[in-house]
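Protein chains: 2
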Amino acid sequence: MNEILLKNVYARGKRCDILVLGNIISKIADSIDAPAAEVIDCSRMAAIPGFINMHTHAAMTMTRSAKEDTPLMPWLQHIWKIEAQIDEEILYWGNKLACLEMIKTGTTCYNDMYWGVGIAARACDEMGIRGVHSYCMLDNGDMVKAEKERRALVRAWEESQSFSSLNIFSVSVHAPYTVCEQNMRWANEFAREHDLLLHIHLSETEQEIIDSQNKWGCSPVEYCERLGMLSDRMIAAHSLWLSPHDIELMGKYGVTAVHNVNSNLKISSGYKFPMEELIAAGANVTLGTDGCGSSNNLDMLEALKTAALLQKAWRKNPAAIPLDTLLKIGSENAAKAIGLNAGKIEEGKLADIVLIDMNNVWFTPNYDFEANLVYSANSSCVDTVICDGRIVMRGRKVEGEQEILDNAAACGERLMSRIL
Amino acid sequence: MNEILLKNVYARGKRCDILVLGNIISKIADSIDAPAAEVIDCSRMAAIPGFINMHTHAAMTMTRSAKEDTPLMPWLQHIWKIEAQIDEEILYWGNKLACLEMIKTGTTCYNDMYWGVGIAARACDEMGIRGVHSYCMLDNGDMVKAEKERRALVRAWEESQSFSSLNIFSVSVHAPYTVCEQNMRWANEFAREHDLLLHIHLSETEQEIIDSQNKWGCSPVEYCERLGMLSDRMIAAHSLWLSPHDIELMGKYGVTAVHNVNSNLKISSGYKFPMEELIAAGANVTLGTDGCGSSNNLDMLEALKTAALLQKAWRKNPAAIPLDTLLKIGSENAAKAIGLNAGKIEEGKLADIVLIDMNNVWFTPNYDFEANLVYSANSSCVDTVICDGRIVMRGRKVEGEQEILDNAAACGERLMSRIL
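Just so you know, the protein sequences line up as chains A and B, in that order. Under this note's numbering, the first residue of the first sequence is numbered 396, with each subsequent residue one higher. Under this note's numbering, the first residue of the second sequence is numbered 396, with each subsequent residue one higher.
The hints are simulated quantities; they were obtained by calculation from the structure and are not laboratory data. Just to be clear, a hint being listed does not mean it is correct.
Any copy will do: because identical chains look the same in the list, a pair fits if it lies in one copy or spans two.
Simulated crosslink set (BS3-like; lysine-lysine; CA at most 25 Å straight-line) [what the hints assert, rightly or not]:
| hint | residue 1 | residue 2 |
| --- | --- | --- |
| 1 | K744 | K647 |
| 2 | K462 | K409 |
| 3 | K711 | K462 |
| 4 | K723 | K462 |
| 5 | K667 | K711 |
| 6 | K744 | K731 |
| 7 | K540 | K476 |
| 8 | K647 | K731 |
| 9 | K744 | K422 |
| 10 | K409 | K723 |
| 11 | K667 | K409 |
| 12 | K723 | K711 |
| 13 | K422 | K739 |
| 14 | K667 | K647 |
Let's have the full structure, built from the sequences with the hints guiding it.
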């Protein structure tokens, strides 16, 4: 059985040894002897749980920086034009590139919303990190398309039956305004029947709220309640424009909200994410990067910092969202949402561990490790990544990295040549 | 004479060769032969002008992450308590650590406001980057202290006469609310007489505006105008709470405003920096990190991203502050403020050049170098730093780095032991 000993590592506020047996954190103690284990000297390192990116479109790495400084509609149209040209090979390398970037920035699991779940799962298997893959239903009210989408989702679910344990299948509906009521209900029923997560874009823009009021006489969250969709299996990406009643509902049903701070800022969706209010109401608050089309990277550490800074600023309260709350949002709350036995450095948890190199300017002096991690460092402090008990990055080196960069770059050129 | 040839580097939108002779960019062409030059293969790199951090308190690296998630007044009191215990050795290593961090993140020049200009200049000389060092006057209206501060500033200025060409002396007054009118006028006169920059904290918080109205019946900017202080030698850190008339005045006199976005967010000073309005009025807009007490690092690339995201968000305009405007704010505008012949990759400019490694996930695919630099990458993409024609970092390695980290860490421990 795979055996790794993290020797003299800083974790949970002090130095300790951590033993990984198979894919589990089997023991944490002041000193552990494990003669058969591969030993990693962690005297300059800290161990944190791997970040879990709760909302992204991984393959959209292929649209990174494709259209900048552009108003929303022309920007969206351009991104759609590119996406229409993404074939299976581009999708594959887009997913591989995303996994590589996530590993480099300390993310060991991500909750994806896209198409081609088989290709995405293959990328995760090859790269060694976890993915929640969904087929994203989108019909724009076209009943023929709606029927096709149901069949496509069932096929994707069937395909997922042969997924490895690193991969989880989930149901996703793009948004209340792009999916017909029948498919919203159907997707929810399918998710319930097969005990799957239900991933959705919800209340992302102010316009969406206005349109929802006009169309259904209620907010998008209230509309979802009406359809019986609110539950703790719902992962509601954005959840930005929420009324007090929406927040109450999300708390009542234990919905998981995913804050996508950089995306919301960059495409001007808004910035007053009701983080404290959602937590107080009992909703589960998590964090995502969104796809690289809207914001440009998959860096959860950067997103954690921006999220906290912004909360402190618009609330006029430097004490808002303290570090322990923030770090839970990056890992623990997300693991809870997915039902993954991870998100904490704790005996019995899955060994999804990130080792942080503290021998650099960002952790000097080191009065407060968590503050240095979030507010001083950037993700280049991620030295080693262990996922499911396997070392997927060591000393910032990932196997096959150059091949991925070269292939993704070539795919990018091919993609652009098709739309020019 | 020192000779460096940057071979096949991406700069100003295309591939070229760049020849550095002495401390000057002497030639930029498709292909340059320079048999005596040290050649750097830049086939995977881009050249940008070094960032210029226009407002910091460098030695406050020693207060990095010293007090988090705390309301303003208790936080400030704690920081002051620490600062009172900073001796010359701690100051020295604090400055060295700051220079190291700036080099690592691509900053080749910084505009400092602190004490101990001789020590700061020594750190710059040893590290090879440029600093504008000021003695910061602060008297809180105490006339005995005010007299002492004038003498201290003159002594600091005398000391600066032996500075190397990397170092510039400037006058600084802490803020209108902490410096008596006599010293405000005196400092301005001294700066004018000796042709020095005048660095000041201005209009940082909403409370400062209220207090200013109560005390002087006008805004802090209007008060400065009344004292004859507004001119293009003024570097006004923060400039966050400005009335339309303030903005008009700053434009009229060609004042340089320094946006300190992360500091403003973290200690909840505000977030609606009037960037477009200042530019439109003719003021010079630049960027700073502030000290590591208020925000926690000196990373200009990170600050550029946050500044742009925030402008796009609160203005509800994804097209706000396009990349070319933004990048000027990080280098060119700052060079202009200081009167430094730098801030651009251009023949005849000082060779303050940062080489960006593009062979990584953040620049893959590479549809738009500037967008990838600001929105996708973090400062770990800074591979090599040249300042004044000398290579101060190569392949992310800086000479003496470990010694600085060890000494700064030890100084941090000593400092904390004094205040506990």
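Between copies, within a copy, both or neither: which fits K667 and K409 at Cα up to 25 Å?
Neither: 35 Å inside a copy, 40 Å across copies.
Intra- versus inter-subunit Cα pairing at 25 Å for K462 with K409:
Cα proximity of K462 and K409: across copies only (19 Å, versus 46 Å in one copy).
Pop the pair K711 and K462 into one bin, within, between, both or neither, using alpha-carbon distances up to 25 Å.
Cα proximity of K711 and K462: across copies only (17 Å, versus 33 Å in one copy).
Between the shortest in-copy and the shortest cross-copy C-alpha distance, which are at most 25 Å for K723 and K711: within, between, both, or neither?
Answer is within: at 22 Å inside a copy they meet the 25 Å cutoff, but 30 Å across does not.
Under a CA distance limit of 25 Å, which applies to K744 and K647: within one copy, between copies, both, or neither?
Neither, since 28 Å and 63 Å both go past 25 Å.
If the cut is 25 Å between Cα atoms, do K422 and K739 qualify within a copy, between copies, both or neither?
Classified as within; 13 Å inside a copy, 55 Å across copies.
Quick one: K647 to K731, C-alpha cut-off 25 Å, is that within a copy, between copies, both, or neither?
Only inside one copy: K647 and K731 sit 16 Å apart there, 57 Å across copies, limit 25 Å.
What label fits K540 with K476 when the C-alpha limit is 25 Å: within, between, both, or neither?
Within one copy, since 19 Å is at most 25 Å while 66 Å is not.
Identical-chain pair category, K667 with K711, by Cα at 25 Å
both (12 Å within a copy, 13 Å between copies)
When no copy is named, should K744 and K422 be tagged within, between, both, or neither for a Cα gap of at most 25 Å?
within (10 Å within a copy, 59 Å between copies)
Classify it for me, K409 with K723: is the Cα-Cα distance of at most 25 Å met within a copy, between copies, both or neither?
within (18 Å within a copy, 44 Å between copies)
Indicate which option fits the pair K744, K731 if close means a Cα-Cα distance not exceeding 25 Å: within, between, both or neither.
The answer is within: 12 Å in one copy meets 25 Å, while 55 Å across copies does not.
In the structure shown, a violation is registered for the earlier hints numbered 1, 11, in ascending order.
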